[in-house]
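Visitor: Here is what each chain is made of, one letter per residue.
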Amino acid sequence: MTDINITEDQRDCYQELSNVAMGQAADRLARLLDAYVVLPIPKVNMIESSELDMAIQDAEKDTAVSAVCQGFIGSGIAGEALLLFKDTSFQDLAALMNYQGPLNRYGELELLMDVSSVLIGACVHGIGEQLEIHFNQGHPVVLGQHCMAEDILRSGNHQWTKTLAIEIHYTLEHVNIDCDLLLLFTEDSVVKLNKVIDYLLD
Amino acid sequence: MKDPNIEFGDIHWLMDILQNIDVGLVVLDRDYRIQLWNGFMESHSGISPQNAKEQVLFDLFDEIPRDWFMQKAEPVFQLKTRTFTIWEQRPYLFKFKNYRPITGRAAIMYQNTSMIPLESIDRSVDHICLIIYDVTDIAVNRNDVISANQSLRELHQYDHLTELYNRPHWEPKFADEFRRSQRNGRASALVLIDVDDFRLVNANYGHQAGDEVLRTLAGALRQTLRQTDHACRFTGETFAVMLVDTDAQQAVHFAERIRKDVETMSIIAPGHELSVTVSIGVAASQPAFDSPAQWQQAASKALNHAKEGGRNRTTLYQHHS
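The listed protein sequences derive, respectively, from chains A and B.
Start counting the first sequence at 0; every next residue gets the next number (numbering that gives the first Met the number 0).
Start counting the second sequence at 0; every next residue gets the next number (numbering that gives the first Met the number 0).
Just so you know, the hints here were simulated from the structure itself, not pulled from any lab data.
Possibly wrong hints are sitting among the right ones.
Simulated pairs of lysine to any residue, SDA-like, Cα-Cα distance not exceeding 20 Å [stated by the list, open to error]: (1) B/Lys79 <-> A/Gly73; (2) B/Lys79 <-> A/Thr160; (3) B/Lys79 <-> A/Asp187; (4) B/Lys79 <-> A/Gln23.
Build the full structure now, drawing on both the sequences and the hints.
Guide: As structure tokens, then:
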């Protein structure tokens, strides 16, 4: 298989796409929580499967996290969204979401699902809209609760060598809420995505 | 995928698909009144589409908590985003029976649900679609894996015969308690309990009887212990008990109680009724101990002393500085 890569122009284009999608997602998150979301700058990179663990560890160093992933597919382009949530964020999140129940594992799972639905949904939808692709989303899967970031992917034997990774770090003003959204596209999807991007660039 | 050129006749078979697809479909309006209720929902709930139509969802199904549901559904209306619930957070939305009542191993149907916004012509969202997936098999399998892992962990921690902790699992707890007592000066005691003439029990009554003796003793130990105490099968016929927040005198009192209980206990083994005695060595934690091993040696010395002194007795380790 030929080495899959992206050119500088393509990277800029992905960056722009992500900016727009991320902005839409941030707007929805802000409306859901009624709070100010700090607008982050997405990072776009082609990474090796061995680097993914590092990317995740960089995102959440030395803290316990809870993680959810959700697959999406449309027009033959497939990917997975991964949301890593710092466990220290739940207290403030519960307050913002007006969550009344006890903040145990189940309570945290509720909050995690509510936030990931909105963030992942909006991001995937935002990217799809710009590319004129309708993405279907699978059901979210809990990868782990209260685990170290490096353990999240340990169980997976990766069937891919390289992936296009869009990493978005969300924080909120004045409250201790901190999460990372990773959009990962499979290798064969990157080939197709590049074609769509080239079409937009022309 | 919206095709405006759909023929009127096509609607007929599209409706057929909606009716027969093995997934629950419900359309709700802004007031959570049911607008569409497909065959799956009818079959599992026993409520016909005629009776469901225009009913408020929560009035019809009191197992769905209104506030909880709205927390998931309002973003669909307001933010036009899809939302999801999974069986791990709530096993089911609708209390339906398992599809396979005989071989299914779960009484209820586990469900994942999706809620998707339905845009009207002016692009506002006045309706949402609720999709119900049956994930019972996935949930049952997943729970099986979890409980299998749990019992593997327990197998790893417990001694098979006595169901007390095994020694590899007990040692770290003992080492922790050693450090704690050294740090805080907290009193704790190690008690070693050894069955007298165990070899004779095996020789005279057989190994099955020997096993029964150990099982019975372990059972008696478990009943005497507090939650915070840890007992293990230390070696073949020796048990170790770590008593926290317990000084030498209290530990000896505990040991004597066990010893007297055992003395009067009759053990029922296949074909025999027998009784045994135990010798017990007690060592309270000392600031002079510099390792957990030294503490164990002290208890061991006391135990040997009890054996040499004629068995069926308790000896307290005396520290000479």
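Visitor: Does each hint fit the structure? Answer for all of them.
Guide: Checked hints:
no., hint, in the structure
1, B/Lys79 <-> A/Gly73, "19 Å, holds"
2, B/Lys79 <-> A/Thr160, "35 Å, violated"
3, B/Lys79 <-> A/Asp187, "30 Å, violated"
4, B/Lys79 <-> A/Gln23, "11 Å, holds"
Hint violations for this structure: numbers 2, 3, all remaining hints satisfied.
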